Amino acid sequence: MKTVFTKDEFKDFVADVQKSDGYREPIGFGICRVDLGQKNPQKVLQATYPLTNWRENYGSASVFISALKEAGAEIDFSKSEIVYSISKTFIEASLRKFTPFISETGGDSHKNIQVLDFLKNRNDLHLFRLVFIFDDAPLQSVEATYLKLYALSQKKAELRSLNLNGAFGVLHNVAWSGNRPYELEWLRDSEIELKIFNMYPNIDSVDKFPRFLQHVIPEDNTRILDASKVRMGAQLAAGTTVMPGASYINFNAGTTGVSMVEGRISSSAIVGDGSDVGGGASILGVLSGTNGNPISVGKNSLLGANSVCGIPLGDGCIIDAGIAILEGTKVSISEGELKKLQELNPELPTQPTFKGKELAGINGVHFRQNSENGQITAFRSKREVKLNDELH
Amino acid sequence: MKTVFTKDEFKDFVADVQKSDGYREPIGFGICRVDLGQKNPQKVLQATYPLTNWRENYGSASVFISALKEAGAEIDFSKSEIVYSISKTFIEASLRKFTPFISETGGDSHKNIQVLDFLKNRNDLHLFRLVFIFDDAPLQSVEATYLKLYALSQKKAELRSLNLNGAFGVLHNVAWSGNRPYELEWLRDSEIELKIFNMYPNIDSVDKFPRFLQHVIPEDNTRILDASKVRMGAQLAAGTTVMPGASYINFNAGTTGVSMVEGRISSSAIVGDGSDVGGGASILGVLSGTNGNPISVGKNSLLGANSVCGIPLGDGCIIDAGIAILEGTKVSISEGELKKLQELNPELPTQPTFKGKELAGINGVHFRQNSENGQITAFRSKREVKLNDELH
Amino acid sequence: MKTVFTKDEFKDFVADVQKSDGYREPIGFGICRVDLGQKNPQKVLQATYPLTNWRENYGSASVFISALKEAGAEIDFSKSEIVYSISKTFIEASLRKFTPFISETGGDSHKNIQVLDFLKNRNDLHLFRLVFIFDDAPLQSVEATYLKLYALSQKKAELRSLNLNGAFGVLHNVAWSGNRPYELEWLRDSEIELKIFNMYPNIDSVDKFPRFLQHVIPEDNTRILDASKVRMGAQLAAGTTVMPGASYINFNAGTTGVSMVEGRISSSAIVGDGSDVGGGASILGVLSGTNGNPISVGKNSLLGANSVCGIPLGDGCIIDAGIAILEGTKVSISEGELKKLQELNPELPTQPTFKGKELAGINGVHFRQNSENGQITAFRSKREVKLNDELH
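Chains as they are written, first to last, in the numbering used here: chain A, 1327 to 1718; chain B, 1327 to 1718; chain C, 1327 to 1718.
Calculated directly from the structure, the hints in this document are not laboratory data.
If you're wondering where the values come from, they're calculated on a predicted model, not measured in any experiment.
Careful: at least some of the hints might be erroneous.
All copies of an identical chain are treated as equivalent in the list; a pair is satisfied when it fits inside any one copy or across any two copies.
Result set (DSS-like, lysine-lysine): computed pairs, CA atoms no more than 30 Å apart in a straight line [claimed, not checked]:
| id | residue 1 | residue 2 |
| --- | --- | --- |
| 1 | Lys1345 | Lys1683 |
| 2 | Lys1414 | Lys1683 |
| 3 | Lys1482 | Lys1666 |
| 4 | Lys1405 | Lys1521 |
| 5 | Lys1482 | Lys1365 |
| 6 | Lys1681 | Lys1369 |
| 7 | Lys1712 | Lys1337 |
| 8 | Lys1345 | Lys1365 |
| 9 | Lys1446 | Lys1521 |
| 10 | Lys1712 | Lys1405 |
| 11 | Lys1712 | Lys1365 |
| 12 | Lys1369 | Lys1345 |
| 13 | Lys1369 | Lys1665 |
| 14 | Lys1437 | Lys1414 |
| 15 | Lys1683 | Lys1395 |
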């Protein structure tokens, strides 16, 4: 196979690959290091990506595809995902094609080449895999599952935008000791020896998913005070703070702007910019009480301490500390307050009482329990709602 | 002392030991590795059991008792618990008696022999202890306390079935760094040196108890997303998931079936199969508000997010998100709903209002706060209650 | 410079230093080890104090000041804080002045000399800094910030007594792996290499503050079941237990006596002796709902599970499980109960309803939501209030 020498030749080469038979642009691809089972080495326990490519770097994809073929692999573009073992031949073939860029590689430039460069002299290549995702279909491999989780956690894909079906079936439940996963079965087989030899590992968690911080580096102004509080696959906008009290952000859930998170953001729930999830507040997820309707909390909203949010909220909303607003909660609104809310939310009908779900997505509403008679009421909140221009 | 050569001779040998003067069957026994105080080496900070025996393996118990005698120990069967140091003589004497089983030892077979086998060439035998518990009496040693905690956490003894009195007095409060306990006093003495030499240990917790996952390997379908959330001495049925948000399972508390735990199961509380402890929900314990009555939650019940459960619940119950049902809570039940509940619970008297404690253990009840008037009400839940045949 | 030989000469020497031009008594001082940035070595990521001096040990301060001068440093007493690099000359000069105490150094005696003694043969002195705080002014350096956090956490300064302004600006947000801080920027630069070489660190948290237990050794009867639950700068009285469920104690917050903490003590909040913060209970902080009024909870008070405390409480108070008492909550009190409360709290006016903030600091009050009509009520609690003699 011929080596690519100039950047123009590289362009031609990429165009050739992309015109080749059956070629499809990958949604995502990357090379990962895998942890294998201690007892069942055919089991992939974890896949760690030094670098991911998600709807980007199609030139590098072409290089990898071409190098795979050169290394003897057949590529079935009709599959939704494919996983290949890395070989020395593959690495060398890839680097040859990258020749015109080698001299400018480093820092933030040409990171796929950097990956190959670190790999080229390693003697544990059996632990590295090249992964392509062509369709956003149900997951079939641990490696592709991690690639999608990375896409979410690295903010390359939007929350709720990916097909994560099959993830729970594909991932193995393992014991995590730091970044290292252990098969439970191996621990059981080795328990006597490990304990007598004082080598029993310190287990941080037992789960199918690793923690976000095992794989993802947050922005400088993002804080996660306890790594156990954010699962891999969560997404945290820059400026998010996750406190360690009663908080939790599950996979496929998170924040889209600066926010303070002291409560729970269940899988599928999203919290907007400037919003605050108070200490112990719960945002229910599709698996926990919302009848399958995922919850978004808008911008500049506040969930009070120990409140429960079971409906989507608009912008500038407040749920008072300690109360639960669920789909079936009956909420009374006085005529005067309803009028104010209708100014912001023209779609709101005129009636004295609403079910929680009838207030889904409404802006500027403050939910309170009247402390004299126990009635759940709503009124215009004092938090600012930045109205969308299209509305007026 | 004579060596046992055949399995028949082994049986005779065991029978002889069991007929010997004062012999009592142990409730539990095992060999543990101890961590000793850095400053006060007579203090046992932790006992780690490679293997426990609980109401089982009486033949091995006989071997150990006989080998102890051979090694010069006197055994006082009148005590509730005894702790012996292990010696090379003891190990060799034990292995001699186990001769007929040596060849078939390995995997899941003859684990007590495996323990001896790993021990026999070690030169740190002063760290290993043989422990017997003969009576379920108040605890006197760290080693016996750990053996009972193992029995609970390994599901060999039922929750609430063991006498744990004395545990808090016997266990030392230590700083845990991974699986390693440090005396606080030693840390204080060594602080200046450790900090200057950059060797100050990373402390995960300061407690008398270790964490469950330091000692126990859960089933493959059990998940604990944060090791700090389950104390040693807790019991988790296979299929239990413990989320990391606001959950906690204390010692002598836990689950008896598949369950989702996102809230707190206080010491003495038990949650049944198919039940769900919602995010931030609290099940009170005997030390925290139940007047000494331990709480069981039945099967297929649901505690909503941030609810508080201060009474025992039957099967198929629901406490709505955010409300507290305590012994003194007044609960209104309409005539129609009361009738439905009485079908399931014939013992329920006819009256318009119940105190929480009068509804203890009732099946199929759904607790809610009326959002229009603040009244706490109960009605027949929509969750399935599988009626016990004896009831009908 | 002359060496001090006798204790009397030492006294004279100290008096001389203290009379010297511009001398001011430091509020606090100490030598710390710093962790520097992996990418930006001029950044101090953490300062670890083997020993702190806070309004004490002025003799040692004089030695250090004199030795600094001997080592060529100029000392500007007009600054609120100063940070000096340590040199061999400084250590030797200090030790010479401490001569009369060297022979009696060890154990709890002359700990500043012990620090010097461990330092004197080290070859990483560039990592050690001498810090003085002369004014309790806004913070300017990482080293001084840590010294104030130590003063709070080691109970040398009272909660809320120190000026912590500037701390968030001065401290860097870093990734903590055990006791070791990493620059996020360095992790980003090194991600590919670290992940391929399987050397990516296990990150426990990302925060500006370390955890309390990374720096402070609690009393023997104090328990912290999860290190992530207490931030550096918190203060825990002996006998405090912090459970791992939904608890959190922020910096400049904590307890002043024996207490059980299963909930959140926000920054600026203080809990008194014998009080109990129930599972998931929230005490609001000045940044979270109290309009800038810091909350104190008195002695022997109880916050029920999942309650929210938004006002200061006196002694012997109870907030029932699951309810929120905020500044604006309307609380009804019957005539009879009000009379009982007025006996304890003569300042309480006679009226049927109070706003939460009108009950701030009142003793012996029990807050409850009437479960028949949703009304928030208050009455005389059954918890003992030990009346201050001055009141009667």
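> Are the CA atoms of Lys1681 and Lys1369 at most 30 Å apart within a copy, between copies, both, or neither?
Replying inline: neither (49 Å within a copy, 55 Å between copies)
>> My question is about Lys1712 and Lys1405: at a cut-off of 30 Å on alpha-carbon distance, are they close within one copy, between copies, both, or neither?
In response: neither (45 Å within a copy, 45 Å between copies)
>> One pair to classify: Lys1405 and Lys1521, alpha carbons no more than 30 Å apart. Within, between, both, or neither?
In response: between (45 Å within a copy, 28 Å between copies)
> With identical chains treated as interchangeable, where does the CA-CA distance between Lys1437 and Lys1414 reach 30 Å or less: within a copy, between copies, both, or neither?
Replying inline: within (19 Å within a copy, 45 Å between copies)
> When no copy is named, should Lys1712 and Lys1365 be tagged within, between, both, or neither for a Cα gap of at most 30 Å?
Replying inline: neither (57 Å within a copy, 40 Å between copies)
> 30 Å Cα cut-off: does Lys1482 pair with Lys1666 within a copy, between copies, both or neither?
Replying inline: neither (39 Å within a copy, 53 Å between copies)
> Quick one: Lys1712 to Lys1337, C-alpha cut-off 30 Å, is that within a copy, between copies, both, or neither?
Replying inline: neither (46 Å within a copy, 68 Å between copies)
>> I want to check one pair: Lys1414 and Lys1683. Are their C-alpha atoms no more than 30 Å apart within a copy, between two copies, both, or neither?
In response: Intra 58 Å, inter 71 Å, cutoff 30 Å: neither.
> What label fits Lys1482 with Lys1365 when the C-alpha limit is 30 Å: within, between, both, or neither?
Replying inline: Classified as between: cross-chain Cα gap 26 Å, same-chain 35 Å, threshold 30 Å.
>> For Lys1683 and Lys1395, with the copy left unspecified, which applies at a CA distance of at most 30 Å: within, between, both, or neither?
In response: Answer is neither; intra-copy 55 Å and inter-copy 72 Å both fail.
> How would you classify Lys1446 and Lys1521 at a CA-CA limit of 30 Å: within, between, both, or neither?
Replying inline: For Lys1446 and Lys1521, only the inter-copy Cα distance (14 Å) is at most 30 Å; the intra-copy one is 38 Å.
> Can you tell me if Lys1369 and Lys1345 fall within 30 Å by alpha carbon in one copy, between copies, both or neither?
Replying inline: neither (36 Å within a copy, 51 Å between copies)
In this structure, the earlier hints numbered 1, 2, 3, 6, 7, 8, 10, 11, 12, 13 and 15 are contradicted, and the remaining ones agree with it.
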